[in-house]
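J.: Make a model of the complete structure from these sequences and hints.
Protein chains in written order, with the working numbering: chain A, 1 to 336; chain B, 337 to 672.
Each statement offered as a hint is correct.
Below, in silico cross-link-like pairs of lysine to aspartate or glutamate (DMTMM-like), each with a Cα-Cα straight-line distance of 20 Å or less:
1) A:Lys230 - B:Asp589
2) A:Lys230 - B:Asp639
3) B:Lys368 - B:Asp399
4) B:Lys566 - A:Asp303
5) B:Lys566 - A:Asp253
6) A:Lys230 - A:Glu214
Some, not all, of what chain A presents toward chain B, calculated at C-beta under 8 Å:
7) Val153
8) Met157
9) Gln207
If you want a taste of the chain A side facing chain B, the calculated C-beta under 7 Å gives, among others:
10) Gln192
11) Asn196
12) Lys230
13) Ala232
14) Phe241
15) Ser249
16) Tyr279
17) Thr281
18) Gly300
19) Asp303
20) Gln306
I should point out that these hints are in silico values taken from the structure, not numbers from a laboratory. Cβ atoms here follow ideal geometry from the backbone N, Cα and C, with glycine treated the same way.
Protein chains: 2
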Amino acid sequence: MNQPLSIAIVGATGSIGEALVGVLDERDFPVKELHLLASDESAGQSLSFRDRQVRVRSLEGFDFARVQLVFFAAGAEVTREHVALASAAGCSVIDLSAGLSLAQAPCVMPEDGQRVMATLKAPFVLSSPTPSAVALALVLQALRPLLLPRQVVVTAMLAVSALGRSGVQELARQTTELLNGRPLEPRALDRQIAFNVLAQVGAANAQGHAQLEERLVQELQMLGNDPQLKVAVTCAVVPVFFGDSLAVSLQADAPVDLAAVVRSLEQAQGIELAESGDYPTVVGDAVGQDSIHVGRLRCGISDPTQLNLWIASDNVRKGAALNAVQIAELLIKHYL
Amino acid sequence: MNQPLSIAIVGATGSIGEALVGVLDERDFPVKELHLLASDESAGQSLSFRDRQVRVRSLEGFDFARVQLVFFAAGAEVTREHVALASAAGCSVIDLSAGLSLAQAPCVMPEDGQRVMATLKAPFVLSSPTPSAVALALVLQALRPLLLPRQVVVTAMLAVSALGRSGVQELARQTTELLNGRPLEPRALDRQIAFNVLAQVGAANAQGHAQLEERLVQELQMLGNDPQLKVAVTCAVVPVFFGDSLAVSLQADAPVDLAAVVRSLEQAQGIELAESGDYPTVVGDAVGQDSIHVGRLRCGISDPTQLNLWIASDNVRKGAALNAVQIAELLIKHYL
Chain A
1 MNQPLSIAIV GATGSIGEAL VGVLDERDFP VKELHLLASD ESAGQSLSFR
51 DRQVRVRSLE GFDFARVQLV FFAAGAEVTR EHVALASAAG CSVIDLSAGL
101 SLAQAPCVMP EDGQRVMATL KAPFVLSSPT PSAVALALVL QALRPLLLPR
151 QVVVTAMLAV SALGRSGVQE LARQTTELLN GRPLEPRALD RQIAFNVLAQ
201 VGAANAQGHA QLEERLVQEL QMLGNDPQLK VAVTCAVVPV FFGDSLAVSL
251 QADAPVDLAA VVRSLEQAQG IELAESGDYP TVVGDAVGQD SIHVGRLRCG
301 ISDPTQLNLW IASDNVRKGA ALNAVQIAEL LIKHYL
Chain B
337 MNQPLSIAIV GATGSIGEAL VGVLDERDFP VKELHLLASD ESAGQSLSFR
387 DRQVRVRSLE GFDFARVQLV FFAAGAEVTR EHVALASAAG CSVIDLSAGL
437 SLAQAPCVMP EDGQRVMATL KAPFVLSSPT PSAVALALVL QALRPLLLPR
487 QVVVTAMLAV SALGRSGVQE LARQTTELLN GRPLEPRALD RQIAFNVLAQ
537 VGAANAQGHA QLEERLVQEL QMLGNDPQLK VAVTCAVVPV FFGDSLAVSL
587 QADAPVDLAA VVRSLEQAQG IELAESGDYP TVVGDAVGQD SIHVGRLRCG
637 ISDPTQLNLW IASDNVRKGA ALNAVQIAEL LIKHYL
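T.: Encoded structure:
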């Protein structure tokens with residue numbers, strides 16, 4: 001138990017890949033060998049891990065038999081192309097790219113992971129939920145003893161880092177050009193994101209839902225073990241570099257006991273509740289933090305069965321890298 | 337009827353005041369004399385109206401008997417201090433500052449204003465609804481023949497211009513300082529708005545609701561003539577200069593006929609529906625436009641009785657100045 005593992009990170013040079021390396025380092029994860037993999041263009045760079053530089057190598061041709069655990073942190077396509085190789089080599093897989101269906105790779109929160117993992121066997125193929133789902137699921141889990149939501153309505157105001165490093169660069173470039181009075185030519189995005197809000201992430205299906213929105217709903221249903229949970233979600237992109245802001249309305253069956261909700265959230269692991277009268281923001285509170293930050297707790301103005309709240313969370317760290325490493329910690333402790 | 341009126345604009349040098357002057361000009365409103373009023377500090381400036389420069393004078397000591405109609409477009413406090421003088425002088429008043437209670441000054445949409453005005457008599461004291469309420473009320477009105485919402489959940493992502501000109505200047509200054517790597521010292525706001533989202537506008541009451549949120553709910557109930565309408569609203573501020581983005585979920589009693597909703601919105605005056613597959617943004621579509629822009633029409637993922645949509649609207653123009661001038665047009669046509 002807790003035998004060191006050899007690990008591969010696919011997409012090591014992306015923001016989530018880099019954060020994974022940092023979190024493995026900080027948490028002293030028992031790593032035997034660390035293999036950093038990326039596309040041919042990014043191969044050759046180095047990342048620092050345990051005071052030495054680890055060279056990033058090309059994913060193509062990598063022999064997955066050299067590792068026991070693979071984090072997929074590149075695009076969904078990359079995961080779909082390479083996961084079979086990893087599994088065939090006997091690796092357990094934690095996917096952060098939403099590249100696999102939840103039937104193929106059930107999503108897991110470390111706080112509740114053993115329930116899911118007990119139904120599976122090694123080698124594991126798991127998904128780390130999308131960042132907004134991680135944040136929401138933590139809050140719903142803390143509230144579960146108090147209220148069973150009949151319905152959840154959430155507006156997720158996502159940072160451009162949800163679109164990867166190119167989203168971050170695009171916001172910086174567009175903002176600079178606009179402030180310098182230069183004409184704007186969107187590149188990584190199809191329109192202006194600087195000083196604007198985009199109502200949709202990616203393309204929508206025939207029903208009007210974006211893939212990310214459908215995924216988020218499925219993940220919340222799976223994580224809450226409640227396939228009937230009604231979730232309305234709008235994922236928008238705001239001109240923010242890092243950190244997701246969620247405005248959430250929960251509909252309960254009975255009047256909400258706000259004082260009990262406060263106590264529950266105060267005691268919950270991984271949640272930081274803003275002081276009464278204050279509210280959290282991504283820049284001021286959440287970014288770089290392991291906890292998600294919750295505030296603006298209030299019942300509906302004319303509806304005591306409604307609970308409204310605000311969540312600010314780091315989409316790269318707790319929302320992705322930390323959550324995936326915490327899943328790996330569960331794996332190594334109980335199953336590998 | 338349609339006799340030219342002498343008009344005063346209180347708060348003429350603010351963004352809404354300036355927009356009012358522009359809209360009166362563009363729409364050829366029958367103005368006899370135009371009096372531009374502001375605080376002592378702003379007095380002395382000039383604004384262009386009908387190809388001449390009109391000097392802004394001090395509000396203090398202005399003789400309201402010289403005009404028949406007053407627009408209050410400064411702060412709520414300024415309205416509360418001066419409205420009695422205006423009324424005593426026999427002026428009709430249109431308040432854009434939310435400075436008066438809805439009992440004192442019922443809110444009116446031009447699209448439906450005669451119903452309210454028929455119950456009142458001159459001189460009128462009316463409110464122009466807050467910009468987000470204008471946008472939402474237009475959509476709800478267009479949908480009313482099709483669905484009676486049991487509940488509305490809205491996340492309003494407001495531009496900094498909701499905080500007046502100082503909000504606009506603050507976002508520009510903060511953004512520039514951050515991009516130049518200088519330390520940030522928030523001034524007009526109590527924290528960083530550049531590349532951040534603020535979960536709340538102003539202070540919250542003991543129940544956790546901001547004044548603007550309570551007002552918005554009351555206005556929607558009044559405009560919909562439905563005091564029981566349940567509305568959950570979160571007003572947040574995003575790093576956008578102009579234009580409000582609203583993510584809206586409506587809960588109906590029966591499955592929503594999406595095709596009928598599309599037809600209804602396509603035919604509605606003042607609403608521009610995005611083409612299927614596209615979505616509107618404040619910068620790309622709404623700002624500077626008289627119409628509000630609607631998109632992302634979709635039912636709930638697992639709830640056919642839910643209708644979700646997105647609204648992008650110009651908070652200064654249709655949301656405030658145009659709406660107020662349209663109310664004035666009704667007044668002059670039917671009542672003054």
